[in-house]
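*Asks:* The chain contents come next:
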Amino acid sequence: MAVTVYIPAPFRRLTANRSYVEGHGQTVAELLEDLKTRYPALGDMLQNEAGELPAHINVYVNNQEIHSLQGKATPLKDGDEVAVIPAIAGGQDLTPAQMERYSRQIMIPQVGPAGQRKLLDARVLIVGAGGLGSPAAVYLAAAGVGTLGIVDHDELELSNLQRQILHHTPDVGRPKVESAQETIDRYNPDVQVIPHRVRLTSANAMEIIAPYDMVLGAVDNFATRYLLNDACYLTGKPFIDGAVFLFEGQATVFIPGRGCYRCLFPAPPPAGVMPNPSQVGLLGVLPGVIGVIEAFEALKLILGLGESLAGRLLIFDALAMEFRQVKTRRDPRCPLCGDAPTIHELGDYEAFCSSPAAGHHVGQ
Amino acid sequence: MSVIVRIPIALRKITADQNSVSADANSILECVESLEASYPGLKERLCDEAGEIRRFVNIYVNGEDVRFLQGLTTPLKDGDEVSIVPAVAGGGG
Chain A
1 MAVTVYIPAP FRRLTANRSY VEGHGQTVAE LLEDLKTRYP ALGDMLQNEA
51 GELPAHINVY VNNQEIHSLQ GKATPLKDGD EVAVIPAIAG GQDLTPAQME
101 RYSRQIMIPQ VGPAGQRKLL DARVLIVGAG GLGSPAAVYL AAAGVGTLGI
151 VDHDELELSN LQRQILHHTP DVGRPKVESA QETIDRYNPD VQVIPHRVRL
201 TSANAMEIIA PYDMVLGAVD NFATRYLLND ACYLTGKPFI DGAVFLFEGQ
251 ATVFIPGRGC YRCLFPAPPP AGVMPNPSQV GLLGVLPGVI GVIEAFEALK
301 LILGLGESLA GRLLIFDALA MEFRQVKTRR DPRCPLCGDA PTIHELGDYE
351 AFCSSPAAGH HVGQ
Chain B
1001 MSVIVRIPIA LRKITADQNS VSADANSILE CVESLEASYP GLKERLCDEA
1051 GEIRRFVNIY VNGEDVRFLQ GLTTPLKDGD EVSIVPAVAG GGG
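Protein sequences appear in the order of chains A and B.
Going by the numbering used here, the residue at position 354 of the first sequence is 354; the numbering climbs one at a time, nothing skipped.
Every position in the second sequence, counted from 1, becomes a number in the numbering used here once 1000 is added.
The following block holds chain B by itself, in its conformation from the complex (with noise of 0.2 Å):
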């Protein structure tokens, strides 16, 4: 399944610059495997130690929270939009 993935700013020195980016996955995890073996270094961003999302960064497909779905295991089919969305403190302070 391809899916559009949507890379936030603070990721895309990961991905060239590329603010969105193609994988091939059936499920959240397969998309984070894939993400990972065309750009090194994404999926320890995404997931901690034991492989869980990280608490401050949401995934989406289609807009909606995989934490509300089912999480990593979150099934996706073609033409699926994949948002990641990490939280952001600035305040132009």
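Here chain A stands alone, though its shape is the one from the complex (with noise of 0.2 Å):
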């Protein structure tokens, strides 16, 4: 019997960089020997050292998976369709299709499809989808974050299109939530979108982040800067921030412990010293630049990979075409996270930030 073996990215430099490859056999266990006599670096993967199937391996004839089958005696018939995964730690695996639509990333030593499946049990909450968090939400679905949450109240503005690619044309009118899902959906459907069509606010903040992993801001004012930092810290999220102004982003971490939003600025301008974010022009690729740093940011935090942008705040001049960056550190005289701390739970940002008080350093 001639059946069509599938061989996953990560295996195919040990079959000449093929994806399919031809194989017989009347049975599961024929088929492996038969792979194992043209293939010899392959059949290494697919047996241990007594010889059997290792159990991290699976086998999908016609895309079930042998062992509800008959296991190795299954037998082929000419056409079939068999295919060799590799599952992770956990026991859970990804479908071929997932492998071959992530066959780019998995084939970094560092992510595998161990670190795929981190990736597709991953939650991250993104807070505005606006300039920042559309092209952060596409990176991110496109990579296979499994779920995002995507909180915004706003309907979609014909001038919002010139940055906030979550959006198209004939979404205009409709809220941001529902073109953001649809968007993602097309990019990606193993992405599970929750939309949240409502206002940030103290009530409803820490219940709606509190079932994901990680927070990524994307919001465009001071209030709900300062609101998302003391719920993520009081929830113990890592936060994930990024902002713009004209030619200049910034972007940083925030781990719980390690200093937050109030240690790096310990208040906001008073207001109308700044202009409104609304009023002031810019490309939409300033926030693409600094939204992509953020996802960037996220799958590290997801993966475990490098260095984060905690203790950091990456500074993004595009006139000049510059990075740099400055230490952030944790304040022990922060109200929220340092050593005395005076805030416990959620407060008035909106007074806060429009206080002629603001921009004070108020009780020292």
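Quick look at which bits of chain A chain B covers, simulated, 3 or more residues with Cβ under 8 Å:
1) 244 to 258
2) 312 to 325
Computed Cβ-Cβ distance ranges for the label pairs, DEER-style:
3) B:1071 to A:307: 26 to 34 Å
4) A:44 to B:1081: 53 to 61 Å
5) A:345 to B:1016: 45 to 53 Å
6) A:174 to B:1081: 42 to 50 Å
I should point out that these hints are in silico values taken from the structure, not numbers from a laboratory.
Glycine included, C-beta positions come from ideal geometry on N, C-alpha and C.
Once you've looked at the hints, go ahead and assemble the two chains, each given alone in its own frame, into the complex.
*Replies:* In structure tokens:
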């Protein structure tokens, strides 16, 4: 019997980069022997010291795992499609389509099938489906981050499309969370989008954030940024933050206990001192750059890769096309995460950010 | 002591669009005064009425926030890089 054997990307170096090879045998056991003869290196991956199929390799016949059939005695007939898929720790595996879709990142040694599983199991909350949130959501979805919560209260305006690439022209007037969900579905149906069509407030923030592994901030005002900062610290979630102004962007990561936004900027500017972000022009590519950096930081945190921006504020000057960084620290005097904290629950952030006292250091 | 001061885009109207300027100063306070002499109006953006650094503006010396050093009295030496970094709110929303 001649069957087609699907070779997932991580094994293709063993089959001269071929995605499919022909195989022969009346049963799966005979097919495996045939493959060992013709692709010895692949054969080594398909048997353990005892000569048995290793527990982390799953074999599918016409998309059915052989344990649900007759194991290695499963009969084969001409034209069957067989796939040999490496499973990962915990026994959860990836479908052949997932192995194919994510093959370019699974072939990164630090990612592999196990890393892909982590991505698919990860839950990231993106707050804001605008200029920063759009590119972040697109790349996290494409990478297969399995659950993306999206918080946005607004409806799409025509003037948003210059930078908010989650949405399309026919979406004008629709809730952004709806068009975001549709766009992400088209990019990657593996991703479950949880729309939160609300304005984040002190009353709902803790509850919304709780089920997620981390929060990616993509907000355009100080009040929501301080609210997110406090809610992330109080719920123990990493907070990836980004901000843009004209030709300049900032990005950083706050890990609870290692400093927070209040340690970096103890108080917002008094109302009226800084122009309202919506009144400042920008090219869409600026939040594009910063949103993608935020997405990269989320992927690194999920995968446990490299060094995060925790402890550093990255500053991007698009005119000079220059990245610089400064250190961030936990401030022992911080009212939220310092040695003698006074903030134990969420407060009134609109008042905090519009008070004439904002920008002054109160109580020290 | 000659130092380089990195100017954020929000303050470049005051520095004639220069993204970095030089200053002659032995401390952050002297640096701020030197900047004010060359670029009037800059000090007000960095310091409040009491003369303290505003809470939404950070000043760094070689990447270290002076609030974690000696604040305005933080000494400067030749070649130091001083960065002014304001809080930024925009999200491209």
